[in-house]
Amino acid sequence: MTKVLIVEDEVLIAREMEQFLRQSRYHCDIAYTAAQALLKLEDNSYDFLLLDLGLPDKDGLALLYEAKKDMPDLSCIILSARGQVEDRIRGLDLGADDYLPKPFSLPELHARMQAVIRRKYGLREKLVSLGEFQMDLGSGQVLHEGTAVPLSKKETDVLSYLLLHKNRPITRMQLSEHIWGSYAGEDYDSNYIDVHIKNIRKKLAAKASTEWLQTIRNIGYKICV
Amino acid sequence: MRLRTKLTLFITLSKLGIVTLFVLALPFLVERIAFQYNDYYLQEQKKKVLNVIGKNGLEYYLAGERDYGSYTMLKEEYISLEPTDRRNAGDTIATLRRVVENDTLTYRVLTHLFTYEGATYMLEVGKTAASIGQYNRPLQKMAIYLLAGLLFTTIILDLIYTRILLRPLGDIIRNQLLARKFPFKDDAPKVKTTTADFRYLDDSLSGLMDKVREAFDKEREFTANASHELLTPISILQHKIENLMMDESVGDQTQQKLGAMMNTVHRLRKIVQSLLLISRIENDQFPREDQFPLSELLKEVMEELGHRLEEKQLRFHLRVNGAVAVDMNRDLIFQLFHNLVNNAIRYNRPGGSIWIRDSLADDGSYSITVEDSGIGIPEDSLEAIFGRFRKIGAGEGVGLGLSIVSSIAKHHEISLEVKSEEGKGAAFVVLFPRAGIAKA
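Line order of the protein sequences matches chains A and B. Residue numbers are given in the working numbering: position 132 of the first sequence equals residue 132, and the series is strictly consecutive. Counting from 1 along the second sequence, just add 1000 to a position and that's the residue number in the working numbering.
It cannot be assumed that every hint is accurate.
Derived, one-sided and incomplete: chain A residues facing chain B with beta-carbon distance under 7 Å [as the list claims (entries may be wrong)]:
1) Val-11
2) Leu-12
3) Glu-18
4) Phe-20
5) Leu-100
6) Pro-103
7) Glu-108
8) Ser-160
9) Leu-164
10) Arg-168
11) Met-173
Simulated from the structure, these hints should not be mistaken for laboratory data. All residues carry an ideal CB built from backbone N, CA and C; glycine is no exception.
Using the sequences plus the hints, can you model the full thing?
Structure, rendered in structure tokens:
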């Protein structure tokens, strides 16, 4: 089980993160201050550090520097509301693997963590079956009886994201934010993500049933396997 | 008209007017003075004669004759004494004709009656009218020359002085109004002047601009702080809902409600994030040092929005010179065009068109126009569309997209122009400053 240290001074945010990640089978500890974080880092070995930069007692980047000195293999995603370009650059220079501006969505955090883990350690299971299809998590290809079904980059992204959170509903908003990031615009009630799902369904349905890709009315989509 | 021009005109015209009036009145005045002096002169001559008579007796003149007459060489003056029957009626002065040695001449004549040893005599002292006005012309000429010289000198002096006097005003206009741009970050240099009014004006303007800057800074700071502080509770709400939605024990109906709540939270988040973005742009938190070709950036924008074009079945035409590169913040320029094109899509009709084209003017200015065949913008809303929370009609969006565009444009000194006719689409012209263009 991946061990995660959440360093976040907002108690409620830290707890919600913990709850979400625990459901996704991570083991989580919480530190509300840099001092607590350093103590915990000394006593335990973590795989992942989720680091808020705005800590009450110390700059988050300084904490990252110290943590990385002792544990160079520690993966780290910086969570920051400051949103300054220099923070991002300095954080990545100090060895952070990713930078997620606050406020983020929890499924997005999970996806970013998975991406870091995949990049660092490869995949434990490469092929996941989706009904009569199989998805290659490494290349993103969807296979039917061994041959790849051609999907666009964005369509692959949509499928991978839904698959990562399989059996859980993902809203259109969460999906569009994952795919289009901060440029998703202000179209809070737009359903243009539907166009992608329609295309995916059309391409896959030519080969076999896509019952596993479910629409949840007024909310979004879910992969049930 | 400028103040200096007005003053110059007034000074010149008023002086010319007064001088003209004087010159016109001059002959009349000079003649009057000459006549008055002449009358006085005749009185003096009369007194002299009477004095002589008083001292030496009338016989001194008459020398036994009945009457006496005498005139100067050229008959310019004469004097005559003769007995008369007229009763005394005081002195009279009149212009009369007199015959002197066969010449009939016009004289100014003083007539005086007096009695001497029981008899009444009449004394006449005369001076030719021609000799009275003999200095009039040279006097007038002299006066006109003198006046013209004085006039010229005073006008020159006045102009020089008003120029010096008004120079601080020009400095104030230049330093305070023309050279400074909103939000007046740099202090204007103090204007050197000894005129209290200008000092007051300069100080007041500086004070006003400081106040504007302070208010602007405060608003900016408030927006930044408020947005930032709002993001934490929004995060908490969002995470709580996300966790609830993941809970498998939640029923379908509750899940629907959670989905709706999630959308609302998302909307709230977008508003706050947009405000934060605007305040970050206004706080100069974006470096400007990227250099990139615009055509590539526009292609990326279109790729990002491709799905939306498809959804509305819009035709899209991109004709932009591939060589033009700008020196600006890439993320911000991306956002600018993203928002403009997004609007062009949002307010378009199904099956409509979007054109993006550029133009390089002879003077080196470069512009890109984003045009759509959509519903257009009513004329009375054209001014307001860049304001915060403005949108046309109901529907999607929170009304901050163009406000962000306008902030980015200001940040990079880009000017924006909107042309639109209701029902016939809208065109946004993005005019890049020459300083921002790296390659053309």
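Cross-check of the supplied hints:
no. : hint    : in the structure
1   : Val-11  : violated, 9 Å
2   : Leu-12  : holds, 4 Å
3   : Glu-18  : violated, 10 Å
4   : Phe-20  : holds, 5 Å
5   : Leu-100 : violated, 12 Å
6   : Pro-103 : holds, 4 Å
7   : Glu-108 : violated, 10 Å
8   : Ser-160 : violated, 17 Å
9   : Leu-164 : violated, 13 Å
10  : Arg-168 : holds, 5 Å
11  : Met-173 : holds, 5 Å
This entry does not satisfy hints 1, 3, 5, 7, 8 and 9, going by the numbered hints stated previously.
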